[in-house]
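Here are the chains, one letter per residue:
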Amino acid sequence: MSLNVVSRNASSSIELPKTFNYSNHKDFKSAYSGLLEDGGVREVEVDFRATSYIDSAALGMLLMLRSCAEAAGKTVALINASGTVRDILEIAHFETLFAFR
Amino acid sequence: MIILIVVAILSATAGLAAGWQLAIRRASKAATVVADTQAIADTVVPPRLAGALVAAARVSRRVEADASTDMGRLAGILDDTIVRLTKHFQALDQNHKVQSAILQRLLRRELDDDAAQQVRFEDFVNTTSETLDIFVRATVETSELSIQLATLSEEVVTKVNRILGSLSEIEEIAKRTNMLALNAAIEAARAGEAGRGFAVVATEVQQLSFASRGFSAGIRGAIGEVVDTIHKSDEAIARLASRDMNFALTSQRRVQDFMSDVARLNESFESSTRELDGLADTSSRHVAGAITALQFNDIATQLIGTTCKRLNSLQQLSEALDGAGRTEIDALAARLRDIDDSIHTHTPVSQQSVDSGSIEMF
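As given, the protein sequences belong to chains A and B, one line each in that order.
Each residue of the first sequence is one higher than the one before, starting from -6 at the first, in the working numbering.
Each residue of the second sequence is one higher than the one before, starting from -10 at the first, in the working numbering.
It should be emphasised that the hints constitute simulated quantities derived from the structure, not laboratory data.
Please read these numbers as outputs of a predicted model, since none were measured by experiment.
Check the hints yourself; a few may be wrong.
[Unchecked claim] Below, simulated DSS-like cross-link-like pairs (lysine-lysine); rule was C-alpha separation at most 30 Å, straight line:
1) A:K11 to A:K22
2) B:K148 to A:K19
3) B:K221 to A:K22
4) A:K19 to B:K221
5) B:K148 to B:K164
Taking the hints into account, I'd like the entire structure generated from these sequences.
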């Protein structure tokens, strides 16, 4: 259930757990807060590689990340989302709000 | 007497002679008749053949008459049947055209309805999708706001903890004030009478310290309740923020399934329509073919007419044969009658024997 933050050059990834929901919101907030404060990070990647379930709280957290990133002049990309997770992201029209990879 | 006898003999002789002559004449006549008959038989038509001709002509006439009657009846039946069949087929064709028109109208209306229904379906699907979008957006916004609330409530907790820290300092001050009051009371007791007034002040200060500690405890209790409430509201916020999103996926799939069902239904309806159209065309052609085929009536009537004419010719032939036969027989009969007459003309019709009657003179 833990979140890993993997940093590369200009982008850093937050690797999400198998189930991403409200119980992760404090960890998630602290993870992205740290990255947004980092002047060397231009883009925050949210990695869904291991994730097979998300709920509305996950979507809410992503939207909060987006507004905070915009305020900090950075971008957010959602990567490796597939299956039901990808369907849920699309049904919420997140492809118009985030870069998908 | 003798003369009488002679006369009688003479007369008898003469009569005998006359009889002989008659006999000879008859024989000669008979010979002539035989010869004549033979001649007729040889030169004209043999009487049996003439009879056969007449009989054959009779049979032939009867057969021809029967055949003509049958032909007439056949022509009548053919005409009647064909007229009726044609009428039925025309009625069938008419019905079929009406049926086709009704079908076309139905199909057209059905297609128009179908188009309208398609529009309604699309509207329905669009509305459903829009509703789903609104609902999804609302759910996500609620979650976002809930998480913002949770963040705010975390800040509240942080601030409350700061208040609790300040409260601890106040309690420390109260504790130290109490200690100060205690020390003052001790010093006042040591000063005796002179410190009596100071002892009163020390007691008051201690009272204030107790009061302060009481307020602090009250505030701490109240803050504890606030923190409990915040925890409860956090739980509510967590429930508010956490909505399973599969409902949206299920709804979306249902709408998609529904649309593909509608599309399949439309396709099947269109193919049935095409099939019906094809059948209508084929039936039309068959009925037209049947009506055309019934026009063989003319040819059949003409054939019957020709056959009747031929039978009529046969009739004439029969008449001719009959005529020929009868003419010959009549001629023969006439000849025989002539011969008979000629025989009877030279024969004393009343004479029964040579002894009686008078001598016939030739």
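Each hint, compared with the structure:
1. Between K11 (chain A) and K22 (chain A), the direct Cα distance comes to roughly 18 Å. Compliance with the 30 Å bound is thereby established for this hinted pair.
2. Between K148 (chain B) and K19 (chain A) the CA atoms are separated by roughly 17 Å; this keeps the pair inside 30 Å, and the hint holds.
3. Using a Cα cut-off of 30 Å, the hinted pair K221 (chain B) and K22 (chain A) holds, with the two alpha carbons roughly 21 Å apart.
4. Proposed proximity of K19 (chain A) and K221 (chain B) is supported: the alpha carbons are some 17 Å apart, at most 30 Å.
5. Restraint check for K148 (chain B) and K164 (chain B): the C-alpha separation of about 24 Å stays at or below 30 Å, so the hint holds.
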